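Asker: Sequence:
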Amino acid sequence: ENLQFERAAQLRDQIRAARQIVERQKVVSGKQEDEDIIAFAQDERTGEACVQVFFIRRGKMIGRESFVLDGVAAEGNGELIGAFVKQFYDEAAFVPPSIVLPKDLDERKIIEQWLRNRRNGHKVTISVPKRGPKRALLELASENAAATLASLQAQWQADTNRQTQALTEVQEALGLQEPP
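Whatever position you read off the sequence shown (first residue = 1), add 3 for the numbering used here.
For the record, the hints were derived by calculation from the structure and aren't laboratory data. Here the structure is a predicted model, which is why all the values come from computation and not from measurement. Backbone N, C-alpha and C define an ideal beta-carbon position, used for all residues, glycine too. Treat each hint with caution, since some may be false.
[Said to hold, decoys possible] Below, simulated SDA-like cross-link-like pairs (lysine to any residue); rule was C-alpha separation at most 20 Å, straight line:
#1 Lys89 with Arg67
#2 Lys63 with Lys112
#3 Lys137 with Glu181
#4 Lys112 with Glu82
[Said to hold, decoys possible] Just the calculated beta-carbon pair ranges, DEER-fashion:
#5 Leu155 with Arg134: 45 to 55 Å
#6 Ala11 with Gly124: 46 to 56 Å
#7 Arg138 with Ala95: 19 to 29 Å
Let's have the full structure, built from the sequences with the hints guiding it.
Answerer: Here's what the structure looks like:
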């Protein structure tokens, strides 16, 4: 009886683990395609930006990564995306055949050709969807980028406040005129 209970618990845990894996690998496209979705959010006040990349392989989102950029000019959004794409794929181990962006690039044809060379001659298409499932994914990536940026900014502010408080305490403890 105890053995049956343990076996049932093991099965329950295995089912839970399988469900978690399936949840993480959400199907985002009926097509079995590989693509990266790249979006960004920017705080025009501080010049900080967050780029979010969704990695879709065989129609499933297998992961995402965030990158924080500092001191970015608000009017250079198109240039920002172009510069990010060039730097990101220069170091990437894998270049997918499709890259989805929020804005078109001035050098799109040149960058597509460069990416094609990185893929050993296989075509790479950069697109900017106006509607449909890819547009929805792009909007989700933008929302994630904005949330990540806001969360990081709150964390940085909390760290700054802790430092200021600690320096004030040291100043008071040592009887200094100003914080050290």
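Asker: Checking one constraint from the list: CA of lysine 112 to CA of glutamate 82, max 20 Å. Satisfied?
Answerer: 15 Å, holds
Asker: Can you tell me whether the CB distance of alanine 11 to glycine 124 sits inside 46 to 56 Å?
Answerer: Roughly 54 Å apart at Cβ, these two residues keep to the hinted range, so it holds.
Asker: Would the hint linking lysine 137 and glutamate 181 be met if the CA-CA limit is 20 Å?
Answerer: Not satisfied, since the Cα-Cα distance of roughly 55 Å exceeds 20 Å.
Asker: Is the Cα-Cα distance between lysine 89 and arginine 67 20 Å or less?
Answerer: 18 Å, holds
Asker: Lying within 45 to 55 Å: is that true of the beta-carbon distance leucine 155 to arginine 134?
Answerer: Once the Cβ atoms are compared, 31 Å apart, the range 45 to 55 Å for arginine 134 and leucine 155 is violated.
Asker: Do arginine 138 and alanine 95 keep their Cβ atoms within the hinted range of 19 to 29 Å?
Answerer: At 24 Å between Cβs, range holds.
Asker: Taking 20 Å as the top limit, are the C-alpha atoms of lysine 63 and lysine 112 close enough?
Answerer: 27 Å, violated
Hint check: violations occur at hints 2, 3, 5; the rest are consistent with the structure.
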